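Spelled out, the chains give:
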Amino acid sequence: MTAAVQVAAADRLLAEAIACALHRSGGLRVLPVALHADEVDAEADVVVVTTDLPPGGGEEVCAHLKAQTGSTRVILLAGSDTDSVVAHAIESGADGVVTDSMSFDALEQAVSAVAEGQAYVPQGLLGGLLRLLIDRRRQTQAMMQRAMTLTPREREIAGMLGAGLDTTAIAKELVLSPDTVRTHVARLMGKLDVGTQAEAAVIAADLGLGAEEQT
Amino acid sequence: MTSESRPPSRAPGVVTERADIERGTRILLTADGTGHELNATASALWELCDGETSVEEIAASVAQAFGMPEPQAREEVEAALALLIEQGLLVDADRSGGG
Chain A
0 MTAAVQVAAA DRLLAEAIAC ALHRSGGLRV LPVALHADEV DAEADVVVVT TDLPPGGGEE
60 VCAHLKAQTG STRVILLAGS DTDSVVAHAI ESGADGVVTD SMSFDALEQA VSAVAEGQAY
120 VPQGLLGGLL RLLIDRRRQT QAMMQRAMTL TPREREIAGM LGAGLDTTAI AKELVLSPDT
180 VRTHVARLMG KLDVGTQAEA AVIAADLGLG AEEQT
Chain B
0 MTSESRPPSR APGVVTERAD IERGTRILLT ADGTGHELNA TASALWELCD GETSVEEIAA
60 SVAQAFGMPE PQAREEVEAA LALLIEQGLL VDADRSGGG
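Protein chains in written order, with numbering that gives the first Met the number 0: chain A, 0 to 214; chain B, 0 to 98.
Derived from the structure by calculation, the hints contain no laboratory data.
Warning: the hint list may mix true and false statements.
[To be verified] Each pair of labels, with its calculated beta carbon distance range: (1) B/Ser53 x A/Gln196: 30 to 40 Å; (2) A/Arg135 x B/Glu36: 25 to 35 Å; (3) B/Leu28 x A/Thr150: 51 to 61 Å.
[Said to hold, decoys possible] Some chain A residues close to chain B (C-beta under 8 Å, calculated; not the full set): (4) Asp94; (5) Ala118; (6) Val120; (7) Gln122; (8) Gly123; (9) Leu125; (10) Gly126; (11) Leu128; (12) Arg130; (13) Leu132; (14) Arg136; (15) Met147.
All of these numbers come straight from a predicted model, not from anything done at the bench.
All C-beta atoms, glycine included, are put in the ideal place defined by N, C-alpha and C.
Given only the sequences and the hints, what does the whole structure look like? Please build it.
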């Protein structure tokens, strides 16, 4: 079956140029381009998306598509070829990553590999990428160990911070005084070894803290 | 190699003669002057073998990067590492008598 491919980018000229080149390379059904996340076609087998796609960027589209359909495969066109950019793309669920410094041939290879269910990672960045993924996994495991020391109440409050609630809103929700909530927040920040409430919120969201209490 | 095995490390005396940053490939020379050309994946795995990073960690990162199940990644990583050990490019800590 011919794979349906859609190019999604903020820049119309870029999107159409890539779509046109993919169409010419043959063997693909190229769908009309998307200039906004809302225009991304969930029927596409492969979406080639740039990191600057409005409103939230390519990584957000990628995570959304993965959560929504699960069957759409995504290639992220990253503006810079650093290990961390590629790692971020992989962590958002991208099946392939192609960077600006690579050739159109590389993009063609990526599309054909990804359409066949394989993954595509820039070969030259592989070593650094794997090292980064290992380091991040270690950091997450260390953080999970720290999160294990939180009390159920602290986990619940951490989860609410992660969901974007502030101290006043948490106090209202849990029918506690703001001072009590602030004490819990100070304790959980100490246990998580973070300096700011925002950092605690990010960690709580990443680890899914509090989600178990809400279900 | 079992899940309890100690992680392999780069063999002493092995040096990189040439590395192609773009393609990720690398030519290694063993202490006796034998050259080995590694593809991007083998080169990346060789680099990760610092004696501290476990086979499980390497396999998990490969699984994540290539979107494959961890048992499959583990199998492929173990096979690739076994080949690098056989070529004298890595030292298997369990067989080196180092502890």
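Worksheet entry | Numbers of unmet hints, in rising order | Result: hint 15 breaks, nothing else.
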